[in-house]
Amino acid sequence: MNLPYQPGFLGLTPGHIILIIAGLVFIYLAIVKKWESYELLPIGVGMILANLPYTGLLVEPSPELGPAQAGLLGILRYYGIFQFTILPQLIFLGLGAMTDFGPLLADRKGFFLGAAAQVGIIIAFFGALALGLWGVADFGLREAAAIAIIGGADGPTTIYITAQLAPELLGITAVAAYSYMAMVAVIQPPIIKLLTTKQEREIYMKPQLREVSKVERIMFPILLLVVVSLIVPGVAPLVGMFAFGNLLRESKVVDRLSHTAQTAFIDVLTILLMLSIGASLPAETVMQPETLMVLGLGLVAFATATAGGVLLGKVISRISKDPFNPMLGASGVSAVPMAARVVHHEGVHANPGNFLLMHAMGPNVAGVIGSAIVAGVFLEMVLR
Amino acid sequence: MLNIGIILMFSWMYAVEIALSGIITALVIMVFMVAIMRLLQIFSEKYDNGQPATESPVSKEVVYGGSSSDEQLVVDRKAVAAITAAVTSFLEEQVPSYKAGKITVSREPLPTTSKINWKMAGRKNLLQNRFKLEKIRRNKQRENI
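Top to bottom, those sequences are chains A and B.
Residue 153 in the numbering used here sits at position 139 of the first sequence, and the numbers go up by one each step.
Residue 73 in the numbering used here sits at position 87 of the second sequence, and the numbers go up by one each step.
It cannot be assumed that every hint is accurate.
[What the hints assert, rightly or not] Derived SDA-like pairs: lysine to any residue, alpha-carbon spacing no greater than 25 Å straight-line:
#1 A:K266 x A:G248
#2 A:K220 x A:S334
#3 A:K266 x B:K105
#4 A:K335 x B:A21
#5 A:K228 x B:K118
#6 B:K32 x A:Q222
#7 A:K228 x B:Q27
#8 A:K48 x B:E120
#9 A:K228 x B:A67
#10 A:K228 x B:K105
#11 A:K48 x A:T27
#12 A:K228 x A:E298
#13 B:K105 x B:K118
[As the list claims (entries may be wrong)] Estimated spans, in silico, between C-beta atoms of each pair:
#14 A:I45 x B:M(-1): 46 to 52 Å
#15 A:Q83 x B:V2: 46 to 52 Å
#16 A:V268 x B:I22: 36 to 42 Å
#17 B:S(-3) x A:E216: 53 to 59 Å
#18 A:P181 x B:W(-2): 48 to 54 Å
#19 B:A21 x A:L26: 56 to 62 Å
#20 A:M301 x B:R24: 51 to 57 Å
#21 A:P21 x B:M(-1): 52 to 58 Å
#22 A:Q83 x B:I22: 33 to 39 Å
Just so you know, these hints were derived from the structure itself, not from any lab.
We treat Cβ as the ideally placed atom computed from N, Cα and C, and that holds for glycine.
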């Protein structure tokens, strides 16, 4: 058939159609179910665009190409993620400006819960390595580390690490991280109920928190930046931007910068990053058996992270002189603020007089720091 | 075969090293941050006169709900002092400058459909020569308006 140009439908494969439908499902979940709408909607659109044949949108810039021959999504992916990994780093600035460390500083037990929840990363790491060693999947140290970070429940960290360690898994690990973050309310409650007794879930905690001074609020991001960067230099870009954003917020002298970082800045970055992630899911790379394994391992990582936090919560509950609800450990999974909301909801369900939201926000933001630290160690040691 | 086994063993050992390093580093940093922030809190309370610059999410000492036996409403002394000071200040500064004048009570007539109001409206129209103007308009004598 002689046609003046090549229509897209001639290049459609079953894989393309499946992923276009998957993109539509993401858009449906974002609009109708309101699951992680800010992420899933642009990812869904990116997936559809990436799987329309002959558009040229995914063509990455290279010296061999002439001017204006690279595609929009290819340029975004190349410069924003693979070449400079600038998008996930900058998005941390906005996240820092949006984060209130007050609950964490008021009750410092949250720091330990944020670290304990990273056990999910370790479990998934060994799971991926085992699949690689048994020859089930082509996973080495780099791939295992990238997959394991899904357990940190932190999208930008997952993208940052995967882009450097296993770029071919970028799309699927990022989608797994954001999808499971959206499904926290489904994944966590059964694990919490399995690991805690009714009496433990009913433990009442007074809703008030210690008042945090301005000195503490200002010094915390500065100290965090210095301490973490000195111990794990590989994670300085993430923690540095996170601390800088938080300092903009807490200093109270640059309200316009803080406001911009929390709104327009992070919104623009979210659009660019999520479109790039969606564009990293063409049928040619996704329709592999490894994809299902990554999704499975991600789920294991998420579940074990929740379990690790709850188990440490039980230990703290036993030794703490003040009443401590062990469910708070589940909020150490750094899906901010969904994990904290789930714990609060479960707390109210068990004891209608309980108000755990602010107690849960502490471990929740500590989880972001914890997952970034573990990711930094992985990056340093795997790339060595 | 033996070589592959050795490589696998070293690979696993290095993986264990990575995993342990990750979790231990996270814990060490968290412990370090807890210690530093505790020191900073002590410093802050000592040299900042314990003045909180920012409010906690839930006001201190105000307890509501709950199932514990000590459930009660405790009013924050600082809040009481602040409210008392504000009220006192208001009374001292505002009351002396206030001069009470003659108080009159007036009421805007509410629109009703009672006969009296219709009469009042008719009289008002007469006063405004509305009928005359209407008659002129109907006779198309606009030039006389």
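Please write out, lowest number first, the hints stated earlier that are contradicted by the structure.
-> 1, 3, 5, 8, 10, 11, 12, 16, 17, 18 and 22
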